[in-house]
Amino acid sequence: MEVETAQEDLKPAPGQLASSPFINKIVAPGDIVLDLAQLSIPTLRLGGGLRQDQDLVIATKAGRLKYIKPNKIWVEGSQKRYIPSLEDVVIGFVVDRRSESFTVDIGGPVHGSLSIFLFEGATRRNIPNLQAGSVLYMRVVKAHRDMTPELSCVDATGKASGFGHLKNGYVFQCSTGLARALLSRPTCPVLEALGKSLSFEIAVGLNGRVWVNAASVSTIILVSNAIMNAEFLSAAQQQLMVQKLLQRVQES
Amino acid sequence: MVHDRPDGRNPNQLRPLVCARGLLHRADGSARWSQDNTIVIAAVYGPKAISGRRENPARAVLEVIWKPKMGMAGPSEREAEFILKRTLEYIVLTAMHPNTAISVIIQVVSDDGGALSCAMNAACSALVDAGIPLKGLIAVTCAVDKDGVIYLDPINKEEKEFHGHACLVFPGKPMSSFAPAGLALDSEPIERGIVTSVTKGILSAEDYLNCLERSRAASVKIAEFARSSLEKAQRGVELVVAS
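Going down the list, the sequences are from chains A and B.
Under the UniProt record's numbering, the letters of the first sequence match residues 1 to 252, in that order.
Under the UniProt record's numbering, the letters of the second sequence match residues 1 to 243, in that order.
These are calculated hints, taken from the structure and not from any lab test.
Please read these numbers as outputs of a predicted model, since none were measured by experiment.
Please note that a few of the clues may not be correct.
[To be verified] If you want the ones that stay clear, here's a sample from chain B, every Cβ over 12 Å from chain A, calculated:
1) Gly52
2) Gly71
3) Lys157
4) Gly201
5) Lys221
6) Ala223
7) Leu230
8) Arg235
[Claimed, not checked] Only part of the chain B face toward chain A is listed, based on derived beta-carbon distances under 7 Å:
9) Asp28
10) Thr100
11) Glu231
12) Gln234
[Claimed, not checked] Some chain B residues near chain A, calculated using beta-carbon distances under 10 Å:
13) Ala49
14) Leu62
15) Pro75
16) Ser76
17) Ile91
18) Pro133
19) Met175
Note that the Cβ used here is the ideal one computed from N, Cα and C, for glycine as well.
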């Protein structure tokens with residue numbers, strides 16, 4: 001699942017996105033990645049990490065410049081702090097319950113708000129019973145820098161689709177880059193290797209949080225450690241690491 | 001008359017640079033910048049919630065805390081915090097995160113001259129590591145002037161004997177393969193500008209301009225080093241994402 005946020009539309013003149021020499025290269029803040037005067041695309045969608053300064057598109061974050069034909073371009077980097085953006089799936093903890101909404105901590109600068117009606121089958125009489133500390137799997141329905149982010153436990157059609165209260169299990173933090181890798185297709189090597197020998201449930205939030213649940217505590221610990229260790233390893237190294245962990249558990 | 005430097009460098013030579021990123025587990029971004037024996041760690045927390053009268057509904061509030069190696073923070077630390085805050089406010093796009101605070105904490109690990117410029121380089125790297133949106137990067141050098149000769153990147157001993165001392169912050173040159181007419185102020189390209197200039201002691205106008213030119217040339221090397229360190233760190237982070 002490719003993560004991108006459309007922020008602006010604009011109309012420049014001749015050229016093609018793929019011709020920019022920075023595509024798929026690492027950019028630093030301040031780098032001028034595109035000159036709109038030389039592009040031939042009618043509308044261009046700028047994703048995260050880019051801003052427009054008159055005729056120039058400039059990077060604001062460090063990361064790799066990615067694009068999707070014909071007109072979406074963004075900078076992909078990894079951070080620890082999450083900045084809420086539309087349509088992201090996130091894991092949050094309930095902090096407080098107000099009359100019409102829950103206050104949820106999603107790891108961003110401010111807490112998000114989750115309306116009590118945005119659950120499957122929710123009515124005024126049937127309010128979900130969530131205490132402070134409950135773990136929720138939600139999607140972001142409103143995210144703007146000037147407003148409190150709003151969340152929902154239903155998809156666009158009103159069905160739960162996996163969103164909602166996550167019972168039991170264990171939640172840990174990781175970076176946003178690792179979270180994206182865990183959610184991408186093809187399946188991340190560490191998850192594939194773990195899935196071959198163990199059975200467990202996992203939910204990944206793009207805000208850098210992962211929820212793991214399994215029948216036994218030792219499986220949960222093993223899966224969590226494997227994922228946390230996988231951050232800076234290549235595919236082959238991840239598989240090796242998982243093998244070693246499994247061996248160690250079987251021996252003891 | 002050119003004096004021999006205590007550590008054998010020539011007047012235009014910088015000390016070896018080392019930059020490590022992401023070393024602190026709890027901070028959102030961190031960097032350790034060393035120029036030989038001057039080592040500074042910068043930690044960035046944010047954007048995070050802020051309340052009370054400090055909050056600004058239009059932009060993020062930047063706060064800097066400077067922790068000296070020994071003793072309590074005093075007026076000279078407050079001055080360094082103020083200079084750093086003004087410099088970083090130039091590069092951070094604070095309008096992108098209104099009603100939040102971004103904290104930068106500087107810890108001096110060891111100081112053998114040039115701590116302020118080392119701290120500014122470290123703070124810039126830490127901000128990049130934290131993913132805070134930036135307008136560009138900065139490169140900072142300092143120089144002392146003795147009898148009309150400019151010595152770059154002075155050590156403690158040289159700083160004590162200075163007549164004039166200047167710490168200069170230049171905007172990093174942005175990479176671009178186009179030759180844009182944009183990004184210039186009054187038809188002068190952005191990399192010819194200056195962000196901050198902190199001077200102490202006595203400098204004649206000619207010596208100051210001399211300092212500026214030498215420091216600008218040195219800052220290009222620092223900017224290149226910072227960039228290659230940034231790219232290396234990014235590649236390390238990406239091993240998982242690429243697979």
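task = Please flag the earlier hints that this structure goes against, numbers listed from lowest up.
result = 6, 7, 8, 14, 15 and 16
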